[in-house]
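The opening position of the sequence shown corresponds to residue 129 in my numbering, with each subsequent residue numbered one higher.
It should be emphasised that the hints constitute simulated quantities derived from the structure, not laboratory data. Among the hints, erroneous ones may be present.
Label-pair distances were calculated between CB atoms; the ranges are [claimed, not checked]:
| # | residue 1 | residue 2 | range |
| --- | --- | --- | --- |
| 1 | A263 | L173 | 17 to 27 Å |
| 2 | L238 | E201 | 14 to 24 Å |
| 3 | G182 | A153 | 22 to 32 Å |
| 4 | R183 | R228 | 20 to 30 Å |
| 5 | C152 | H185 | 44 to 54 Å |
| 6 | D203 | P264 | 12 to 22 Å |
| 7 | H185 | L238 | 35 to 45 Å |
| 8 | P262 | Y230 | 31 to 41 Å |
Glycine included, C-beta positions come from ideal geometry on N, C-alpha and C.
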Amino acid sequence: MTHPESDLPGRPAERALDERPGGCADPAVGLLLTISEAVVLAVLLVWLGLRGLGRSHAPVDSGAPPTSASGAETDWVPTIAFGVLALVVIALATVLLRGRWYWAGGIQVLVAVALCTLAFTSAPWPDGHASAPPAPAPTWNSPPCRSGGDSDECARSGG
129 MTHPESDLPG RPAERALDER PGGCADPAVG LLLTISEAVV LAVLLVWLGL
179 RGLGRSHAPV DSGAPPTSAS GAETDWVPTI AFGVLALVVI ALATVLLRGR
229 WYWAGGIQVL VAVALCTLAF TSAPWPDGHA SAPPAPAPTW NSPPCRSGGD
279 SDECARSGG
């Protein structure tokens, strides 16, 4: 009795190298994963937005010393959340590319780059302008008021 593998030309190892997802399955999986990641990102953005609103209305404890130069504590939660999502997408892209799903894996690489960019731009980098001295006041003097009134009257009239 012959085995079904013996009817096919080539050795089994050679056939295994040529097996890739056929048809439009590869791009369709990439599109489906991108849509699902967009939904997860939207939920994450809504949660971070609601969290930010809650933080802006929280009572301020005047007895605690400020933790940064601006007086507000640094919030790393958005950066960490976007970074974790980017790491999940990177792991998924790696699995897809190793499984020879080139379209889906390539799309995931692009999504991972976008999420890494989002994570880096949401990071609370130290502001170099916080320690800089304030800009000097303008030295230009406005022309005299033609109506004969004071400077407040001229400022309200526009000239």
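Hints, verified against the model:
| no. | hint | in the structure |
| --- | --- | --- |
| 1 | A263 <-> L173: 17 to 27 Å | 34 Å, violated |
| 2 | L238 <-> E201: 14 to 24 Å | 34 Å, violated |
| 3 | G182 <-> A153: 22 to 32 Å | 43 Å, violated |
| 4 | R183 <-> R228: 20 to 30 Å | 46 Å, violated |
| 5 | C152 <-> H185: 44 to 54 Å | 49 Å, holds |
| 6 | D203 <-> P264: 12 to 22 Å | 33 Å, violated |
| 7 | H185 <-> L238: 35 to 45 Å | 38 Å, holds |
| 8 | P262 <-> Y230: 31 to 41 Å | 55 Å, violated |
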